[in-house]
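Undergrad: Read off the chains here:
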Amino acid sequence: MSEMPPTMNITEQKIEPRANGSLRAYLRSIAAIVWKDLAAEFRSRELIGAMLVFAALVIVVFNFALELDIRTRETVTSGVLWVTFAFAGTLGLNRSMAIEKDRGCLDGLLLAPVDRSAIYFGKAIGNLFFMLIVEAIILPMYSVLYNVNLFQPGLIFVILLGSIGYTAVGTLLASMAVQARTRDVLLPILLFPVLIPLLLAAVKASNGFLQGFEIAEIMPWVNIMIAYDVIFIAVAFMVFDFVVEE
Amino acid sequence: MIFQEGPADTLNYMIAGYAVILGAIGLYIVNIILRFRNLRQDEALLDEIDAEHA
Amino acid sequence: MEHKPKALTVLNWLTGAVFVVALYIVLIWAPQEAIMGDVQRVFYFHVSAGWVGALAFLVTAIVGGIYLARGEQRWDRVAQASVEIGVVFAFINIVTGSIWARPIWNTWWTWDPRLVTATIMELIYIAYMMLRRGIEDPDRRARFGAVYSIVGFISVPLTFLSIRIFRTIHPIVVGSSDPAALGAFDMTVDMRVAFFFSLFTFTLLYITLLWHRLRLQVKMEKIEERKLRALSS
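Chains as they are written, first to last, in numbering that gives the first Met the number 0: chain A, 0 to 245; chain B, 0 to 53; chain C, 0 to 232.
Worth double-checking, as some hints may not be accurate.
[To be verified] Simulated crosslink set (EDC-like; lysine to aspartate or glutamate; CA at most 20 Å straight-line):
#, chain 1, residue 1, chain 2, residue 2
1, C, K221, B, D46
2, C, K218, B, D49
3, C, K226, B, D8
4, C, K226, C, E121
5, A, K100, C, D138
6, A, K100, A, E216
7, C, K221, C, E135
8, C, K221, B, D41
9, C, K221, B, D8
10, A, K100, A, E213
11, C, K226, B, D49
12, C, K226, B, E42
13, C, K221, B, E47
14, C, K218, C, D138
15, A, K35, A, D101
16, C, K218, B, D8
17, A, K100, C, D136
18, C, K226, B, D41
19, C, K226, B, E47
20, C, K221, B, D49
21, C, K226, B, E51
22, C, K5, B, D41
23, C, K218, B, E47
24, A, K35, A, D106
25, A, K100, C, E223
26, C, K3, B, E42
None of these hints come from the bench; they were simulated from the model.
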């Protein structure tokens, strides 16, 4: 997976995540990357701030775009929520990867004796945290504005699953988009078509939980989401090297 | 749309469909031919330039 | 590949002839459908175009994977060629699907799983091309294309599946309640012959176009190289 010349044995040992003591090193490098992102964000708060403002605006715009009487509101809530998350998410992904590229952090990370996939997981988990934080603020905001109780464990679970899949694919695609000339517009264009099964399933599952459907009815959607998450985390893990190699 | 006597008259739609099919394929083939032609013109120009330099 | 290889000339003629035969078969030889009438004849080439669109996508993803593994440029050339052809045929598939739907369901669009999935696939194709266009370095362009085509290709069956499940729970309001039955009809033996012959014809067409487009790509690269040399001298 890493193109190290065969003479560098010591560094090779550190890089192979399967060797015994290095699993801890591998996990530690992931944690380091996540912590770096969280710490940087905590200081500047620019990413989460931007995502939040954007999400709030989207919700407000929806209020005027869709005439929501009490009954329609119930059926439309999950759709509105996920559209909001999807759009705010692209903001976060774009910024997160752009920061890496623009400040040259990515080059630094690549020089470090860290398996490339650790960089992927680190960034993805960091992005996931940001997305979850934004969602955690949007949920009460939406609940208050639309007088709907969104604090149900089923819904929370679906949001978690969906965010995992979203950031798994999004981090991979954003890493590519950020290296292109048309970087800002490109990410949504790349991401959304590929995201459709996840979004569709997320909306249906969320709706199912919100409206109190039978678990049996909701399960197919949850299964799709789980399958999606597993498949794309695996795919991203395998191809990420090719996205960051120089 | 079940007609009791005979099949529906949808000939126009069929024609439209085949126009799209043949049109799209045809346009693509023409596009490739034109690109080939452009390249050949470029090639001829480059040959001239090379001949001048030689 | 300066001069056209003999095999390609033969292929050209063969494909042309087969195509003419196929036209005869679907337009004249095949029986008229009892209820829908002539528009049903569009079905043969509609599905065949969809088949080529999907095949082209599969090929792109596979050669993308091979390129990632080997780094040889010729695999990327195949990917580029295949994507172009795929875009054209997927477009044909979508539009003929719409044309077929109109007289039958009295609407230009139905949210049929196959039609929607075909459209999403087309969008992924276009996104692929936009991604490539935005990257300068040829190797990176090829690599990113490969990665995206793989991601895109894997997402398509998932998309189809999720829309299918969606449709069984929410049948289309306008039209049949069976979501898989956009304009369903029973195929007679003759129709099956026409159908499979169309598939064969379009596959042959795909291979021919692919070959031509590959030759074009090689020539393009040669000319680019010569231009660069001429400019720098």
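Undergrad: Of all the hints numbered above, which does this structure not satisfy? Sort the numbers upward.
TA: 3, 4, 6, 9, 10, 16, 22, 25
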